[in-house]
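Novice: Heads up: the sequence shown begins at 1 in the numbering used here, then just goes up one per residue.
Don't take each hint at face value.
Stated by the list, open to error - Estimated spans, in silico, between C-beta atoms of each pair:
no., residue 1, residue 2, range
1, LYS13, GLU55, 29 to 37 angstroms
2, GLN60, PRO88, 24 to 32 angstroms
3, LYS104, SER53, 33 to 41 angstroms
4, LYS104, LEU39, 19 to 27 angstroms
5, GLU55, ASN22, 17 to 25 angstroms
6, GLU63, ASN97, 23 to 31 angstroms
The hints are simulated quantities; they were obtained by calculation from the structure and are not laboratory data. Virtual Cβ for every residue (Gly too), placed ideally from N, Cα, C.
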Amino acid sequence: NYILQGPQRLHSKGVFNFIKNNTETNAHILFKKPRALALYTGRNCFVNSPDVSSEKLQQQLKEYSIGYILINKEISDDAAKDFVSEHPGNMQLVYSNDVYSFYKLIINDK
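Please model the entire structure based on the sequences and the hints provided.
Specialist: Right, here's the structure in full:
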């Protein structure tokens, strides 16, 4: 009767379906669990070091052409959460539910 944290949960299925149906097939997405996301969406997925600075993370996003960040409010690392909260003008929330927030990056070359 209880589904453990993971890709079979209703919230996970919802965001994975949204990503699969609403992103480019060659989209690059930053997420704490890249293998699960890649398996369920068919997208290119990456993970960052959980202790990376916001500046270094922004460099990596550009270097690897990351276009989206997926945050799981229950498991995502602090570096990705901090980056999202520190750079609200550089991203657009495109999907959310009780567990996930999915952002499209709008990185300006400064």
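Novice: Each hint: holds or not?
Specialist: Going down the list of hints, with the structure as the test:
For the pair LYS13 and GLU55, the beta carbons lie near 35 angstroms from each other, so the given range of 29 to 37 angstroms is met. Our hint of 24 to 32 angstroms for GLN60 and PRO88 is violated, since their Cβ atoms are close to 19 angstroms apart. A beta carbon spacing of about 22 angstroms between LYS104 and SER53 contradicts the range 33 to 41 angstroms that was offered as a hint. Here the CB-CB span from LYS104 to LEU39 is close to 22 angstroms, well matched to the stated 19 to 27 angstroms.
Checked against the hint of 17 to 25 angstroms, the pair GLU55 and ASN22 fails, with Cβ atoms roughly 30 angstroms apart. In this structure the supplied range 23 to 31 angstroms holds for GLU63 paired with ASN97, their Cβ-Cβ distance being about 30 angstroms.
The structure fails hints 2, 3 and 5 (numbered hints given earlier, in ascending order).
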